[in-house]
Amino acid sequence: MKRIVVLGSSFGGLTAAFDLKRFLGKDAAITVVSDDDRFVFLPSLPWLIMGHRRPEDITLKAADILKPRGIDFLHEAAVRVEPEASKVFTAAGESGNESEIPYDYLVISTGPSLAFDEIPGLGPDKGHTNCTFTLDHAVNTHAAWKKILEDPGPVVVGSSQGVSCFGPSYELAYEMDAELRRRNMRHRVPLIYLTSEPYLGHMGVGGLGNSKRFFEDTFAEREIKCMVNQAIEEIAPGEVRLKDGTKLPFKFAMIAPPFKGVPAVAPLGNPRGFIPVDKQYRHTRYKNIFVVGVAVAIAPPEPTPVPTGVPKTGFMTVKMAKTAAAVIKAEVKNETPPSPGELNVVCIMDMGNTAALMKGDPVLPPRRKSVTKKGAQYKALKIAFERYFLFKMKHGFSNLP
Amino acid sequence: MKRIVVLGSSFGGLTAAFDLKRFLGKDAAITVVSDDDRFVFLPSLPWLIMGHRRPEDITLKAADILKPRGIDFLHEAAVRVEPEASKVFTAAGESGNESEIPYDYLVISTGPSLAFDEIPGLGPDKGHTNCTFTLDHAVNTHAAWKKILEDPGPVVVGSSQGVSCFGPSYELAYEMDAELRRRNMRHRVPLIYLTSEPYLGHMGVGGLGNSKRFFEDTFAEREIKCMVNQAIEEIAPGEVRLKDGTKLPFKFAMIAPPFKGVPAVAPLGNPRGFIPVDKQYRHTRYKNIFVVGVAVAIAPPEPTPVPTGVPKTGFMTVKMAKTAAAVIKAEVKNETPPSPGELNVVCIMDMGNTAALMKGDPVLPPRRKSVTKKGAQYKALKIAFERYFLFKMKHGFSNLP
Amino acid sequence: MKRIVVLGSSFGGLTAAFDLKRFLGKDAAITVVSDDDRFVFLPSLPWLIMGHRRPEDITLKAADILKPRGIDFLHEAAVRVEPEASKVFTAAGESGNESEIPYDYLVISTGPSLAFDEIPGLGPDKGHTNCTFTLDHAVNTHAAWKKILEDPGPVVVGSSQGVSCFGPSYELAYEMDAELRRRNMRHRVPLIYLTSEPYLGHMGVGGLGNSKRFFEDTFAEREIKCMVNQAIEEIAPGEVRLKDGTKLPFKFAMIAPPFKGVPAVAPLGNPRGFIPVDKQYRHTRYKNIFVVGVAVAIAPPEPTPVPTGVPKTGFMTVKMAKTAAAVIKAEVKNETPPSPGELNVVCIMDMGNTAALMKGDPVLPPRRKSVTKKGAQYKALKIAFERYFLFKMKHGFSNLP
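Protein chains in written order, with numbering that gives the first Met the number 0: chain A, 0 to 400; chain B, 0 to 400; chain C, 0 to 400.
Next comes chain A alone, as it looks inside the complex (with noise of 0.2 Å):
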């Protein structure tokens, strides 16, 4: 019987899980850790910001989605991964007790470690911005939405040097361009989305087809002021610094932060603590550890003038994750491994009253196919995708598509 050990319970850590186990069944002790003990629907944060969803609607207890399909969960921080010794060492969780747990393969789907502190006065905490990467964070930032929309004033909206994930920020300047129409509001909020891409459209992965005109010509629609190209200096309170000399005021702002590797498995990667794999999303020095998600480093298709880095959507991290699953059962099982595809993405941005569809395939360019296309109908779909998605994760249907 193989020990398996997943560190991570959202996309990639539960579908890693769920597939192992339907893979290898008896064969395989499959252990989940993490120092969170929800399954939170994360591209619905947006929505929860705005006032859309509870925080209820969007979370599953990992324990209780995993325990009943034999799969042990441990609410415990990981701390530090041996490689040559395979083990994985946790802090004192729920149970009090640090952990030293040996594993025959580790799957490692950790998320990213969001680096306020490059940036002096950035961030939730110490400093004097909203986020939008966790469910603690979005609850914190829908009520310091609400009070803009009971005292309005000057947002920023967008992402600083170093970040990899652009969608829900744009996502969410959409979402309070159109909830401030609906409260006839919008002439006293003037909104502005701040970017480290090029340009915009950009996305870390160099436009989706007619991105960057989709963007400039729905933005300049909605009169969404945009500044492209800007790494941060530093925030004070009410106002974003730009290097570049210029003063941003706001009474709400809400940026991405750099994101690195987590300390745990950091020392694995390269040194923003990003882990190197293989096609197969095998280590590429330590055979037996798997890496998926916002942990695998991917290079960037072009350098950019400001640092940004290639998002790795849930879509992608689960197809990550299927194929490292496959992988493993495979090398158990002693059969061939399939032959992993190039990973391809489809993401639905919401844009408050409507929609757009991105796809591409594969993620970076040259690519095969590319859309970026406007629909009310896409709307519906994402919104499908979201009741569709935590009733598969209930129900522990990793198999369904």
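It should be emphasised that the hints constitute simulated quantities derived from the structure, not laboratory data. Check before you lean on any hint, since a few could be wrong.
Just so you know, same-sequence chains aren't split out, so a pair can sit in one copy or run between any two.
[Stated by the list, open to error] BS3-like, lysine-lysine: derived pairs with alpha carbons at most 27 Å apart:
id	residue 1	residue 2
1	Lys-250	Lys-368
2	Lys-368	Lys-224
3	Lys-368	Lys-145
4	Lys-368	Lys-146
5	Lys-246	Lys-145
6	Lys-368	Lys-378
Given the coordinates of chain A, work out where chains B and C should sit on it, guided by the hints.
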């Protein structure tokens, strides 16, 4: 009985006089003072230049429409206001007399002074260029345009630095293009739109929705060449000389001059002679003086590299005049003054064979509503509005919408 | 009887010869001299490169179509013109003889000399790049393209400095993109359009209507990367080196070389060998010499940062040849020569799975008419025109439109 003096007989002056008379009746003695005894429907001057209107089509005698309604008209040029003494002084007019006119309330609606002298060689009098802003200018410009149709050559249309009214220049560029195509001679007339705006469609208000794209596309389709962000050094015979050294040859040039306040009231305002007011269009210092229309100082939404100003269209001027009249009435009658809304604007721009609707609510960003869109129906609407407005003025129906 | 010599057997040469024979009958002895004994429908060379045409589909024997109509064909290379003596000299051709050919009228329609030697490493012979401008080049380019389909890699398509024919490079960029997508291998071929044009859609004529936006949008949708305003320093094996230091790797490169006049007639022209003519295409100095097609010197509408030239399409060349023939006929018959219209152009650009119609009347701005628009019907029209034109040439129906 309150003595109310109104300076100006254009959109603002007539609207204020009509409304005040309607509101106050015998409680007010209203005198309109103007050095021009005509009301000219200025938005139709581009059509006059193109030969689609005669002066008599768009002109009313001020006295004819004021006197039947019990409003005095003094055809004299105001030369000075003494705000502490509440007196207006005029030069000798029709009657040969200088007047000293005391007032309880003064409404200033004097429009712009066209500062041709600020750019050597500019203007129709001592210079080499035509202009569209007064009836007399437009009549001369029409004659110059007819010569171009007989003996074609390069045409430059646009706005110098310090202009705050861009619409007519855009209209004329489109109209000239359309007329030249109708006559199958467009290929004999290189047509340049020259402007101090930082980009096409800025219009002194930071653009209106997707107006930048709109003008770029429609100019490109018509091959109207544009030069933006330009300041003029001087005009030589047949040559515009830009501050960046570029020389543009022309056979016909129609260039809007810098605007400033008219000398009689300029001392009440800022260094350019535009007068600061509160939201009720009341002078910030002299509480019995109200100012409407181009005479008002409105801070631009953002500084532009080459100076530009915020346009005050006839539509906006009428709104200002109505607000000012309502405030004066409330004060005279000891009522609560109406709370003034944000100033908004609707304008229809003729494009020759089609037209564009532009809306900004409020005028300056951020806005609750902004539109720039093309449609042949707007051309019909523009013509209908001209007819309707002239009818309304002629019959003093200032209470019609 | 007039002795008329025509240099060149392509669009201009054949059209002039046919028209002159039709006009003058037995009053003229017409001799077409060319080092190429074929008429090649050059606009179809991009299709030949893509494998949609064989050489025999688009080639006619010059002698076969000239001789039945009573026109001599001399398969020899002209080496020199002595305009004072009114003589053409040829190198030994098929017959092994050098000829000295006296003429009463000379029509020069020799097309371009491809100046590969002006950029080190450029061209198919001593260099590392392919080319589309002659049948032989296109045949080789087709072979190189087939290799890319088998072993994909980076492709660079475009034009070096000094080019005056951009259409085929645009066509090939679209066609390659479409073909790669059909084969589901677009993601294996980074595709760059490299050009000396100051912006996309300039085409040497300052753009045509909204052509800039048109090409920007359609390239973005297809993710064809573009680099404009570029001059090439040299071509190394597998690498384009730009003057700005950028290096573009390639496995396949098809780059248009600078154009100049062919050596035999270049001494009659400007330093680049293009020959100055009046509006009747008569040499400005030698009154019995006419020049049509690429050999003609046409001043560009505006200087471009990197030198570019005005294209002379087959359509334009045919128009020039018809004008020249009509003028010669009038002179011989002592009639009033027809007044030549402005040169205009219609061209259909293949885009792989669709096509674009481009019209300019006249060719250079300002224009009375200009169009750039997309439509699948234009693709059918382009194919039909190829068939029709070849039929017309084969049967000498130069009087058909």
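What are the numbers of the hints the structure violates, in ascending order? none
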